[in-house]
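Protein sequences appear in the order of chains A, B and C. Every letter in the first sequence is one number past the one before it in the numbering used here, and letter 20, counting from 1, is 1469. Every letter in the second sequence is one number past the one before it in the numbering used here, and letter 174, counting from 1, is 1034. Every letter in the third sequence is one number past the one before it in the numbering used here, and letter 57, counting from 1, is 498.
Rather than coming from a laboratory, the hints here were simulated on the basis of the structure. Quick caveat, the model's predicted, so the values are computed rather than measured. Beta carbons: idealized from backbone N, C-alpha and C, even for Gly. Errors might be hidden in some of the hints.
If you only want the chain A side, here are some residues facing chain B, beta carbon under 10 Å, derived [stated by the list, open to error]:
| id | residue |
| --- | --- |
| 1 | R1534 |
| 2 | V1712 |
| 3 | L1920 |
Okay, derived cross-link-like pairs now, SDA-like style, lysine to any residue, Cα gap no bigger than 25 Å in a straight line [said to hold, decoys possible]:
| id | chain 1 | residue 1 | chain 2 | residue 2 |
| --- | --- | --- | --- | --- |
| 4 | A | K1863 | C | K608 |
| 5 | C | K655 | C | V486 |
| 6 | A | K1789 | A | A1772 |
| 7 | A | K1789 | C | V486 |
| 8 | B | K994 | A | D1522 |
| 9 | A | K1863 | C | N449 |
| 10 | A | K1907 | A | D1797 |
| 11 | A | K1789 | C | A575 |
| 12 | A | K1789 | A | A1599 |
| 13 | B | K994 | B | E1057 |
| 14 | A | K1863 | C | K655 |
| 15 | B | K994 | A | R1675 |
| 16 | C | K608 | A | P1757 |
Chain A regions said to be covered by chain C (calculated; three or more residues, Cβ under 8 Å) [to be verified]:
| id | stretch |
| --- | --- |
| 17 | 1595-1602 |
| 18 | 1723-1737 |
| 19 | 1768-1781 |
| 20 | 1899-1905 |
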Amino acid sequence: MGDLFEPYCGGLTGWTRAWDEMFERCPGTTGTLDGGGPLSPRQHYLPLHHALGALSASDVEARCAARDRSFRDQGITFSLSGEERPFPLDLVPRVIPADEWETVRSGVVQRVRALEAFLADIYGPGRIFDDGVVPRRLVQSSPHFHRQAANFSPPNGVRVQVAGIDLVRDAQGRYRVLEDNLRTPSGISYVIENRRAMTHVFPELFGSYRVRAVADYPAHLLAALRAAAPAHAGDGATVAVLTPGVHNSAYFEHSFLARQMGVALVEGRDLVCRQGVVYMRTTSGEERVDVIYRRVDDEYLDPLQFRPGSLLGCPGLLNAARAGNVTLANAVGNGVADDKAIYPRVPDLVRYYLGEEPVLANVDTYVLEDPGQCAHVLEHLDELVLKPVDGSGGYGLVIGPQATDEELSVLAAKVRANPRGWIAQGVVQLSTSPTYTGQAFEPRHIDLRPFAVNDGEKVWVVPGGLTRVALPRGSLVVNSSQGGGSKDTWVLAPTGQARERLAASGRHDYDGTAGRPRPAPVGPVAAGLVGQQQQQQQQQQQGQPRSACDRHPPC
Amino acid sequence: MLSRIAESLYWLGRYVERAEDTARILDVHFHLLLEDRWVDETATGRALLQVMGRPAAPQDGSDALSVTQALAFDTAYAGSIVCSLSAAWDNARGAREAVSTEMWECVNATHEALPRLVEDAGGQMPHAFFRWVKERCAILAGLSESTMSRDDGWKFLVLGRSLERVDMTARLLSARYGDSLGQAGWVTTLRCCSAYESYLRTYQRAVDGSSASEFLVLDRLFPRSLYFSLRAAEACLSEIDPRSGRAGVDDAARRYLGQARAQLEFSSAGDLLADLPGRLAHLQDRCSDAGASISERYFRPAAIVEWSA
Amino acid sequence: MTWRIEVNHVTDYRYERPVVASYNEARVTPLDTPSQSVVDANLAVSPRAEVFAYRDYWGSLVHAFDLHEPHGALVVTSRAVVETGLGLTTGAGADRDGRLPEAASWEDLRSAATEDRFYEFLAPCPLVSPLDFAEVAAAIRAACADPAEAAARAVEWARSQLEYASKSTGVTTTATQAWSGGRGVCQDFTHVTLGVLRAIGVPARYVSGYFYPKPAGTIGAHVVGESHAWVEAWTAGWTAYDPTNLVEVGERHIVVARGRDYSDVAPLRGVYSGPAGSSACVEVVLTRRA
């Protein structure tokens, strides 16, 4: 084991209950890091462990510097408390074997289908209320239940064009759903840019893996948006991405998606609604818009229906959608379904709408409106995680075991005053993954946000997702707004899947023999070309761990 | 193309050109004073501040360092190099999906590096800074040339750049270095436009006021001459307007530019030099009219600033 | 008794300065209900605009329109002919055959099914906080044998708490504010009544509409009326009460929209470009036609 993995060899107190992604106790022991016995890398991490183990700290530092320069030059930053920082990508990827991914994928698809059905139902007939599966109160008391969105359906019935389902792994390594995001989930641009950066900075790591590509996400999204276009638009629907503007923390992503889809990135002031039709102001007059992938929150989207003072949206949008002249994606009012108060019911929704058992379990959750459960929670605040129903990005979250007595008593008062405003969950340890800390690879907690795209025919899950990592030692809060980082997420192609697109090349498999021979390059250019060929060949070699010989990033 | 994006690209073109030309002018000005100790530093400094649209307040110095400080580094003066580069970055960011990734990375890397470069310049050795600015602008120009589709976005970018170039060259000529410095002044003027060598190759004789101003105003091949830049701007406008008619020109901006260009084009060199200040002032007015007309026609500033219930 | 009433409702909206654009929604067209039938209804907007109509979450007919030429005034004219008083006596409480449902018991109201079914008409909403009326609600509840009796008592109590004073409150005045101020208009009487009813546990909703002010309507005479508001309380069926006038709700009442409070049913709302500053002049003329 290389020096950089030293922390995994000894002194790993405090990680006793978490599942580690890379290491396991030798056969016969549990997957967690406690107990005795030597650690060994799991089968699917062997080549990666080997390659990383061959590096020195200065090698890794050089890669980090290249990575930061690349992110900074591209302006791939995240505003944290008003400061723009390069998005922190950890250089150790997370690897998910094909069979494991299939569970995640099918679970995410199932969940999205159930939540779609739920939204269609509660903004329409309300069957689930009449059948007594979910009380009206849970929905009608949600601040995200927008009555303005009731009684009309999007053209192809899809309300959740894009979903981000947050998953964690418990101590047994089982994936569990932590949270659904059906409004404007962000992070996909980081998934794609992380991959690009990794292929630039660490090309040799890809050598022994068949990593599935993530770069075609924008094409899938565009197809789903076009599929949702109103009938009048035909095949040539005009799609636009609506952003709050350059000062939004996710502006990079908005512009990234617009660019990758080749569509206009508009702000509210670029749009105008006339008689229920939406136009954008262009240099050659007003041009009709058919589908708006909007990254502006519901409350700011349409001053006529929501906050009158909002400048981020455009008055009349919702009625244009109601009239069937434009599609808003994701639909208005989705927040009611990813509300933390609905979360505990999602397994019931899966059973009710799909007649299936959930593939992915929830994290065990207490419903505080139930007086019995509430009393139990109040007695065990110091063992639980309390989350405000309306909070997102980790704001307002209280981790019982890490809170002071004073914080707990303040919390208890808040819970008593407004039980519906909170849910409680057992502390999920979150799995750990080796993460470069500046000196060595140490375990840090991670989660996973896969992204699903629904085009109305099928729900597609991008093979990968955003693995977020809590950078401070022991921290369980992975949100980037709270100082979290991320990892490239490698979903491995099933063995024998020859035509699978590979990640590192971003091209279809190429055997290197097709085409006319080229004159041999001379001079300094040649070295670079040889490097490329090496890389391509490496991708075709299966399962042979090889040492890292190219220490210099190609950029 | 979205009006807002077109506007951003137009201003990206203008601000980058402004930064580049200002760096070019300051670089020459600063070193002129070092090389030629007979130059009246204060008078030239004041004249330069004047034509750059930033008249010196009585308490301001107009020695070389003060002028450099004011026109290059002053973050409170919107026309300074640092402000122009910041404004260029702002506009590129707002039009991120309309510029190529390479261009964006160039603008962004310039913006990222700017504070460090300003610090290094430290007032004492601005040449390195000016050189860096000119290089960054040249890289950007090259990247836009080689990576941008020749769609409307490109045309608005070039339109902004060309109009700014007309304006800057006109300002430079208005500084009338030649009046006080004679031949050396005209050399300086040409060098501010990187035109000195071109001039020599074209005329193959020593610089004089008549031929230098003729070159900078009317040369058909030199890319920074007023004539060349006006033609470039006119060409962009006619390509942007898909409905440009068979007879006459109904686009106000094109009319302004075309008339101004024709007035210069069909003047003799002697007439030109005799009334250069008046003609330049007129030209700058027409450019400003053209800018307003472009803005009104294509950028359609939304009248709506707030919604009330 | 069945009446046929023609309603002419003109809202004249003036902006302090001409605005470049405005987006508006009007909820002024009477509903078809068991107790009233809309014979004819239309809406006109000046300056002229294309109107888009839809039914909102509460079942109200909404007319949406937008204007894009500079305008200093906006006039919305709604004309409708409605047959009223189709049900027996209180109308709204009766079904189509005029039968009144069995009165609900306290147990019926307390059942989980009822509480969930009428959650929105029991829970706090922007302008009505039932908790503020808990004390008086408890007293009324203790004194009454069944919810229907309590509802009638609550209406009387609300009437006794407020003095009618036009223009004393505004469209954003809450039930609690009106109650502590002691004065208000029909909207406030309605909000206060809703607060008490909901605190008692009786589901109750806000009704906006028109009221024909003269008990005996002379056919063909034009009567100046007003937009009006009253409540409907659920005690196994919806029963309407008019806390402002303390009259039976019948053929003189025309229902336009129902919701949790005024903000769900505002007759005309919209946004316009430019700084705030506007005034509205509303004129309602009611004519009994038959």
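Cross-check of the supplied hints:
Given hint, R1534(A) at the interface with chain B, is violated; its Cβ is 12 Å from that chain's nearest Cβ, farther than 10 Å. Taken as an interface hint, V1712(A) checks out: its beta carbon lies about 8 Å from the nearest beta carbon of chain B, inside 10 Å. Given the 10 Å rule on beta carbons, the hint for L1920(A) is violated: about 23 Å separates it from the nearest Cβ of chain B. With a C-alpha separation of about 39 Å, the suggested pairing of K1863(A) with K608(C) is violated against the 25 Å cut-off.
With a C-alpha separation of about 29 Å, the suggested pairing of K655(C) with V486(C) is violated against the 25 Å cut-off. At most 25 Å may separate the alpha-carbon atoms for a hinted pair to count; K1789(A) and A1772(A) exceed this at roughly 31 Å. Using a Cα cut-off of 25 Å, the hinted pair K1789(A) and V486(C) is violated, with the two alpha carbons roughly 44 Å apart. For the proposed pair K994(B) and D1522(A), the alpha carbon gap of about 19 Å is at most 25 Å, so the pair holds.
With a C-alpha separation of about 52 Å, the suggested pairing of K1863(A) with N449(C) is violated against the 25 Å cut-off. Under the criterion of a C-alpha separation no larger than 25 Å, the hint pairing K1907(A) with D1797(A) is consistent with the structure, at around 22 Å. Annotation: proposed proximity of K1789(A) to A575(C) is violated, straight-line Cα distance about 30 Å (limit 25 Å). Using a Cα cut-off of 25 Å, the hinted pair K1789(A) and A1599(A) holds, with the two alpha carbons roughly 21 Å apart.
Taking the CA atoms of K994(B) and E1057(B), the gap is near 18 Å; set against the 25 Å cutoff, the hint holds. Of the supplied pair hints, the one linking K1863(A) and K655(C) is violated, its CA atoms being roughly 53 Å apart against a limit of 25 Å. For the suggested pair K994(B) and R1675(A), the alpha carbons sit about 44 Å apart, so the restraint of at most 25 Å is broken. For a cut-off of 25 Å, the pair hint linking K608(C) to P1757(A) stands: about 24 Å separates their Cα positions.
Counting residues of the stretch 1595-1602 of chain A whose beta carbon lies closer than 8 Å to any beta carbon of chain C gives 5, which reaches the threshold of three, so the coverage claim holds. Counting residues of the stretch 1723-1737 of chain A whose CB lies closer than 8 Å to any CB of chain C gives 3, so the stated coverage by that chain holds, three being the minimum. Coverage of the stretch 1768-1781 of chain A by chain C holds [criterion: at least 3 residues with CB-CB distance below 8 Å; count 3]. Only when three residues or more bring their CB closer than 8 Å to a CB of chain C does the claim for the stretch 1899-1905 of chain A stand; here the count is 0, and the claim is violated.
Checked against the numbered hints above, the structure violates hints 1, 3, 4, 5, 6, 7, 9, 11, 14, 15 and 20; every other hint is satisfied.
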